[in-house]
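Enquirer: Note that the protein sequences, when read in sequence, are chains A and B.
The opening residue of the first sequence carries number 1 in full-length UniProt numbering; numbering runs sequentially from there.
The opening residue of the second sequence carries number 1 in full-length UniProt numbering; numbering runs sequentially from there.
By construction, these hints were calculated from the structure, which means they are not laboratory data.
C-beta atoms are modelled at their ideal positions from N, C-alpha and C, and glycine is treated no differently.
Accuracy of the hints is not assured; some may be wrong.
With the C-beta cut set under 10 angstroms, the calculated list includes, among others, these residues of chain B facing chain A [what the hints assert, rightly or not]:
| hint | residue |
| --- | --- |
| 1 | V17 |
| 2 | L29 |
| 3 | N92 |
| 4 | N115 |
| 5 | I130 |
Calculated pairs, EDC-like style, for lysine to aspartate or glutamate (alpha carbon to alpha carbon, straight line, at most 16 angstroms) [to be verified]:
| hint | chain 1 | residue 1 | chain 2 | residue 2 |
| --- | --- | --- | --- | --- |
| 6 | B | K296 | B | D276 |
| 7 | B | K302 | B | E341 |
| 8 | A | K13 | B | E15 |
| 9 | B | K261 | B | E273 |
| 10 | B | K305 | B | D267 |
| 11 | B | K351 | B | E273 |
| 12 | A | K9 | B | E13 |
| 13 | B | K296 | B | E279 |
| 14 | B | K351 | B | E321 |
| 15 | A | K9 | B | E329 |
| 16 | A | K117 | B | E109 |
| 17 | B | K400 | B | D294 |
| 18 | B | K290 | B | E279 |
| 19 | A | K13 | B | E46 |
| 20 | B | K306 | B | E341 |
| 21 | B | K97 | B | D59 |
| 22 | B | K290 | B | E392 |
| 23 | A | K13 | B | D59 |
| 24 | B | K26 | A | D194 |
| 25 | B | K247 | B | E392 |
| 26 | B | K368 | B | D267 |
| 27 | A | K46 | B | D59 |
| 28 | B | K302 | B | D267 |
| 29 | B | K199 | B | D147 |
To spell it out: a stretch of chain A is covered by chain B in this simulated footprint if at least three of its residues, at any positions, have a beta carbon under 8 angstroms from a beta carbon of chain B; those stretches are [said to hold, decoys possible]:
| hint | stretch |
| --- | --- |
| 30 | 59 to 65 |
| 31 | 145 to 158 |
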Amino acid sequence: MGALKPMVKIYQKEQSLSFFKIIKESLQDIYASRFLSRQLAERDIKAQYRQSILGIFWAFVTPLATAFVWIFLRSSGTVEVTDTGIPYPLFAFTGTLLWSIIIESVNSPITSTNSSKSILSKINFPKEALIISGAYKVLFNSLFKFLLLLVFLFYFGVGFHPTLLLFPIGIVIMVFVGNTIGLLITPIGMLYNDVAKAIKFGFQFLMYVTPVVFAIPAKEGIMKTIMEWNPFTPLILTVRGLGVGNIPADLTYFWIVLGGCVPLFLIGLVFYRISIPIFVERLSA
Amino acid sequence: MKEVAKKNEILVEAEGVSKKFCKDLKTSLWYGVKDIFANVGGNKKERVLRPKEFWAVKDINFQLRRGECLGLVGHNGAGKSTLLKMLNGLINPDAGKITMRGRVGALIELGAGFNPILTGRENIYNNGAILGFTRKEIEEKIEAIIDFAEIEEFIDMPVQHYSSGMKVRLGFGVAAQMEPDILIIDEVLAVGDLGFILKCFKTIDDILPNTAVVFVSHNMPMVSRVCTQIILMEKGQSKFQGTDVSKAIDLYYSRFSSNEKNEIFSDGSLSLEEADLLEAVNIEGVSTLKWGDDLKIHFKFKINKKLTSTPRFNIVLLDKEQRPVAILENNNKDSAISFSENSIEFIITHKEIQLSKGVYSINISVSKKIDGRHPLLRINNILSLQISHPEEVWQPFLLKSKFTEIN
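Here chain B stands alone, though its shape is the one from the complex:
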């Protein structure tokens, strides 16, 4: 096999790729008619924006070799899917050039060509044919596909009676039989249960080394896990590009950071007056602590209705994806909380914070009794804080550790 020699070859190459779209359907259709005739005649003129058009993708450049994985991230409407469609040859660029060397497999829509009335088995043939398999190949692979999808029992049942997870499993089962040189993945694995998702990742991991992968996802831990290079797109343009995946992910998150407090619930008895992060440094508008610093938060509440006892304070830290990563210990009877007629004030401290580098936000909920029942107040995102550390890890905690010699 020449495989080894080909290890380093460039499989995907995009040079100055741009695509424009039209905002208005009627105009768009009319441009379409004009384009059909212009393109048949060989349309070599430089494309400029016509009225009501905009660049959906503008000047994207990259090279991707076998074994590499390019992550495309960006907000909804940033142009990721449009770029994927061009890579897949579904639409043509308006400027620039895309070169694809090798067999292209696209995991964009699983189970394309399924007809709901026909059985799972019949639909394996339909889907397989659309993905470019021959009848013989499907016949050879059909058992593997059914095994992979784990729907042996229902294979001769009409697909319309399948659950959505079963359909996706069957679709992925067929797609997994492709042996592509270039694999394009758009978020398709969102459906299906955990067991199946893990199976899909295993399959993708298996083919990664011999494939150039273009991966679109909003799931950043996944992106940082598989991608070797990344493009952060914004309004069709590349905002950041390179092999520093974590930097792009930070940038991606910073686009979302809103410092808006969000009061979820209040029974009117308490209101938050102050919440400050103490001993933090302000870096570019975000309160920052060094990894290992003490986390100290000062809270002050105003009491609007008389309270009989000290309420319970529940303080939760969330990561950039709004997943709770930690909770601070609740107050108990012995906690030093200054409780007066019309205010409650305290400082809560956590020593030597070991959260890994990144931005976190804090939610608080207050409930009437120490036992935690009867909510009084819940506020999300009261503060955001950044932890700085030279090392970037995607796990939420970087725990202090020490290696010792055995002797």
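Same shape as in the complex, but just chain A:
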């Protein structure tokens, strides 16, 4: 249609293209398919809410329920947690809501790709649009979680402070990091169901070594070490800090995680692009 240059496509086995060329093509396709990504996200969001009465409520249920359980455990004295520095309910709510955003973004690439299996095997379109539309969907749900968090922040008396303006950016970063991890596991995850199951299973435990419902223990020990090394820790701590207004003093690890995700995301794109035909070939209906 709009393209003026003659489109010549060559398909052959030799993947002699350089890594950088694939990245370039991949990014070009992301740009070229921006309408498609939006349309796909719009389609899924609309369809999801048109068939539901409670709608967005379902996005909150799990994180809020987890938070309530912990608030109850703590207030009833069943468990004792390290002092969090802010009202505990606020700590728990921010923790579980942010954690749910991470989980959703990790799962997003694999879910979007798998749900488009039937189209993938029949129509040639820029596959990257699936990743981007997945990210849009996560961001859409996150928007409501963000608004809910704002309510909590004001309810627990944190109020407005300048870093609050960076809070949304923090959430976008979390989605980016989550998507990067998701994208890296997608090629294998599309071939084997085990990956998606392992992720679901693993993240249940991962939550307890991340300061989601309790803070990093002050006492030296194995838990403290694991939590400090866990790359999700700086993410949760920093983004929660942006919300409640006490950003951790040392942001080095946060920047390392974020900085590391940029090349990893690009590598993920290359693997994704290469693995789609293999996926279609082996599992297309």
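With chain A fixed as given, assemble chain B onto it according to the hints.
Expert: Frame of chain A; chain B shown alone:
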């Protein structure tokens, strides 16, 4: 426009294209994991078959220019769809090279991306986006699409309440708006009513002259109607290739020819003893008559239960696609049928057969009375015969005719 100059350019080129598949899923998945890593590193090694693999497509070569139509025919599992997927860039060949010059449109799945809960109008955007339209283009074309699909009234209804024909119409309506240089068609037009199918063919006919078309079909009359060249595939390989479309179609049919009689019904009172085609020449195992010869068939039945009167014989000729093309006149009271205590025997003749070149089969049904009720026996495919003629036509009859001058 440079269109005229480009008339002869080669748009699709396949050079030694091969693809292998794996028979076992577990192994296939594991190979998949290995391939992902190998391909990221640049996998230039020659691909050989690993255990449990086979060539689904092997060494296919062709060139297709603008205005030409390539028909891909073959049995189920011959590798046609795999080849289409490679042409469409969905999967990569394991050997060889495919070059596609221009915009590719694929009519493989109509209505891809439809979400059943959303309305027809919303789904036009979804499907359009997947086919590569921009929002602006869809907005410009949406009225044309709705008109084409003829579902104005239901356009704001969820697609899940559409009939399958309506869905296909809407899907084709969107796809028809593509202006491709190369069009790939896999049997998608099977659904939909006749009016719509005719409309689709008209659309395809309109775009044919400016497009290179690759057409997969089991519908041979359709193939002979549109295709300028043909590849008959068998077990992934090209069995026949060229511009002689009718020859390929003959070959395709000959793969199916089974000479098995098929008794559909019998009440036990009659059984067929003999059925021969008289004065026919045996060519490669098929009884052959020249066009214009007399068709003479000798029948002999054994009577197992006593019959009160001469039964009626209904003899039908069918073409290669099992469509009845002709029926021989029934017997009446005056027919010369020798009817004895335990057998019935006769020869039926049709003078100067004018069926066109091809292979035909014969079915017979016998019923008790002249009025045709009470079936006694029905046998399909009792004989097959071939009509030979130098000229190949796809219509079932080549009728003798004469042109005269007017003076």
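Enquirer: Next, verify each hint and record whether it holds.
Expert: Hint check results:
1. V17: holds (9 angstroms)
2. L29: holds (5 angstroms)
3. N92: With a closest approach of 5 angstroms, the B/N92 hint holds.
4. N115: Given a least distance of 5 angstroms, the restraint on B/N115 holds.
5. I130: holds (5 angstroms)
6. B/K296 / B/D276: holds (8 angstroms)
7. B/K302 / B/E341: holds (9 angstroms)
8. A/K13 / B/E15: holds (12 angstroms)
9. B/K261 / B/E273: Holds, at roughly 12 angstroms.
10. B/K305 / B/D267: holds (10 angstroms)
11. B/K351 / B/E273: Answer violated: B/K351 to B/E273 is near 25 angstroms, above 16 angstroms.
12. A/K9 / B/E13: This hinted pair holds, its Cα atoms lying about 11 angstroms apart.
13. B/K296 / B/E279: Holds, at roughly 7 angstroms.
14. B/K351 / B/E321: violated (24 angstroms)
15. A/K9 / B/E329: violated (60 angstroms)
16. A/K117 / B/E109: holds (13 angstroms)
17. B/K400 / B/D294: holds (14 angstroms)
18. B/K290 / B/E279: holds (10 angstroms)
19. A/K13 / B/E46: holds (9 angstroms)
20. B/K306 / B/E341: Given pair B/K306, B/E341 holds - Cα atoms ~8 angstroms apart, limit 16 angstroms.
21. B/K97 / B/D59: Between B/K97 and B/D59 the Cα gap is close to 10 angstroms, so the pair holds against 16 angstroms.
22. B/K290 / B/E392: holds (13 angstroms)
23. A/K13 / B/D59: holds (13 angstroms)
24. B/K26 / A/D194: Holds - the C-alpha atoms of A/D194 and B/K26 are around 13 angstroms apart, at most 16 angstroms.
25. B/K247 / B/E392: Judged against 16 angstroms, a Cα distance of about 9 angstroms means the pair holds.
26. B/K368 / B/D267: holds (11 angstroms)
27. A/K46 / B/D59: Roughly 46 angstroms separates the two Cα atoms, so the pair is violated.
28. B/K302 / B/D267: holds (13 angstroms)
29. B/K199 / B/D147: holds (12 angstroms)
30. 59 to 65: violated (count 0)
31. 145 to 158: violated (count 0)
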